[in-house]
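2 protein chains.
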Amino acid sequence: MNEQGLSEKEIFSYLENVKSEDTDYYRVLSSMCTHPHKIAVEAHRLFIEANLGDLGLFAGAHSLEKEVIMMLGELLHAPSVKIPVEKACESSVCGYLTTGGTESNIQAVRGMKNVITAGKKELGKIPNIVIPESAHFSFDKVADMMGIEVRRALLDSEFKVDPASVESLMDANTIGLVGIAGNTEFGQIDPVEELAKLARQHEIFLHIDAAFGGFVIPFLENPYPFDFKVQGVTSIAIDPHKMGLSTIPSGALLFRSPSFLDSLKVSTPYLTTKEQFTLTGTRSGASAAATYAVMKHLGREGYVKNVQYCMQLTAKLVEEARKLGFEPLLEPVMNVVALRVPSPDLVRDQLLRKFGWNVSITRTPRSLRLVLMPHNTARDVEEFLQDLKKVTAEL
Amino acid sequence: MNEQGLSEKEIFSYLENVKSEDTDYYRVLSSMCTHPHKIAVEAHRLFIEANLGDLGLFAGAHSLEKEVIMMLGELLHAPSVKIPVEKACESSVCGYLTTGGTESNIQAVRGMKNVITAGKKELGKIPNIVIPESAHFSFDKVADMMGIEVRRALLDSEFKVDPASVESLMDANTIGLVGIAGNTEFGQIDPVEELAKLARQHEIFLHIDAAFGGFVIPFLENPYPFDFKVQGVTSIAIDPHKMGLSTIPSGALLFRSPSFLDSLKVSTPYLTTKEQFTLTGTRSGASAAATYAVMKHLGREGYVKNVQYCMQLTAKLVEEARKLGFEPLLEPVMNVVALRVPSPDLVRDQLLRKFGWNVSITRTPRSLRLVLMPHNTARDVEEFLQDLKKVTAEL
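Protein chains in written order, with the working numbering: chain V, 1 to 395; chain P, 1 to 395.
Calculated directly from the structure, the hints in this document are not laboratory data.
Where hints are given, some of them may not hold.
It does not matter which identical chain is meant; a pair holds if it fits inside one copy or across any two.
Claimed, not checked - In the SDA-like style, the derived pairs of lysine to any residue whose C-alpha atoms are separated by at most 25 Å in a straight line are:
| no. | residue 1 | residue 2 |
| --- | --- | --- |
| 1 | LYS323 | PHE137 |
| 2 | LYS265 | ASN128 |
| 3 | LYS316 | ALA172 |
| 4 | LYS274 | PRO344 |
| 5 | LYS38 | PHE12 |
| 6 | LYS9 | VAL304 |
Turn these sequences into a full structure, and let the hints guide you.
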């Protein structure tokens, strides 16, 4: 830091310059984030000072958070339980706005640990959870920090988790299962109903990571079962800052029951409220306002249009790729395509170096991973396939 | 969510109304946050789309994050080690921007667990850390989630942790110590040099929670030893969104050595980068830009003025409170006052109900806790003391 400060003009001329190094999402097919909606950006700015870590001082922002949780609860078919106002949550479902999928996943597993381990006295010292092999790398963080064992179940030929593999990994120390509704690599949805059956039989948690799919699946023409409508689903992670078109950081964690959220509470002696069940302390109220604004502005119709647009691009990409001889690993269930190409890592490098395309790679098997987002266009799809053809021809 | 969306006008007229329920920090003496600086808000807006969870796509925002970490490293006397570019950090100190003190504290303890537990093969199954009784409630979350034991050492008569008590709680399974530089309740600074001596002797971590004090202590007339200048301090949490006047969420975690940060890495198969050592995935680049802008704009001089202003208010409050017969529990070392009053809980309620003052309470002993922030004025102090006099007279 300099002794004396720089002028606003000097700083912004530097910042404008630096900003040109950031993507504007042109030729980006690798990200599950996109441009936030303009109304989300405006609402974010209006509430830029709001701190959801101190709810007594920010009653306005807190009421927006509660409205968002109620809207998300409705979207995800939360049971309409009436809960007393003094409880952690006041809507028909309990939850709070997180910084994103990772925090939501961590907190869901913390809930499993506190609720299920407490209820199972015969449990050994190391509880375990069973997750799909396709689970997001945030579960590696869970494994690293939580003092629990994370077991990975195999996928079937369609890249859904195999319930038989899940069951074979379960034992008396299993406190919960995880299913993914829209996994990061393939956009595939795990068989949530079968996982829920296992969870109910063993009286353990089932957490659904719908960070990406939560703002896609409910708006598909034929939605898959993945949410609280399925008995046995105990918590869901959903990210407004992905397909919800809100600003960063906007995640959400919803629990079926207030007791699960209660299990995360610690005392907060010096705040205007007495307890806190969130992972972070100081929290962005701006994100709550942004998410409120975009959900209210788009309504169900707006999100349906958004998903239709992305699914049409997805269908176009698959159809035209097939004409060029490239097959997808699976028929896309949402706006993610895993495309079989020769030497995918090399192709990825070439696409970036020669044509500026950002794509990524699935792990097993290795294929080109393409996410079709609202920032992409039909023309992008056409140009991408032309460039892919050139790159593979030169291999 | 409605079927059809509402208009921008309808939404903003509602949001403006809701916002009036949030504090504008008038008569707030309970918060360690304040209005962010105007330039921070502007820079935040400029980078509102930036996602530090995908560094390859947001190279500009990432360069700002690195510059902030370098400025913070310089402020906190990080050792000037040159580290190769391919390492996790490129400045003279390793670190990253977090969502705030809680994430920083969690990650520091995760670092202890991964580095120290790995190095001590004779360790039992449950490692422990020793923290001051005055540590922030974020350590209750650490205790709840990490599978380690958290031991609380006693404070001395000045509300600093007692090194003898710390030592008595240490054993072969102790992997780290925590010291607070500006504890939340009293604004007191723990004896960092003595804690560092213990940490060096036992070859374990010493994490300093300077979430609040990090932007205060370096700017005091006589700074206390608390940072990397003290041999043995291995990590520091510092929050730009508190006395750094940046936007929410802006925290930072700095490590003395790259190997500590490396120990937090997980693989990130589908991103433009291959590894991630942060707790959250998607991260706000807007906060990095905001913190960069306000640190560059204020410079050292600006922060010195900010701290002088708050310390003058603090001195004024203590001096005039004494005239009314109210003694502080300790001579304030930073801009936090713990004021001995009769029936503090009742006084707190009355101050809020009758006069709209937001104050809080220290736990042991119970006293009025007052934080003098940039949003407070000399007139606030005078009015507050008049109101305090009225409230206590009526007890």
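Quick rundown of the hints versus the structure:
1. Taking the closest pair of Cα atoms, LYS323 and PHE137 never come within 25 Å of each other, the shortest separation being 34 Å inside a single copy and 59 Å across copies.
2. When the C-alpha separation of LYS265 and ASN128 is checked against a cutoff of 25 Å, the pair qualifies both within a copy, at 22 Å, and between copies, at 22 Å.
3. For a Cα distance limit of 25 Å, the shortest separation of LYS316 from ALA172 qualifies neither inside one copy, at 48 Å, nor across copies, at 62 Å.
4. Only between protomers do LYS274 and PRO344 lie at most 25 Å apart by alpha-carbon distance; the minimum there is 16 Å, versus 53 Å within a single protomer.
5. For a Cα distance limit of 25 Å, the shortest separation of LYS38 from PHE12 qualifies both inside one copy, at 22 Å, and across copies, at 13 Å.
6. With identical chains, the CA atoms of LYS9 and VAL304 are at most 25 Å apart between copies only, with a shortest distance of 22 Å across copies and 43 Å within one.
When the structure is compared with the earlier hints, violations turn up for hints 1 and 3 and for no others.
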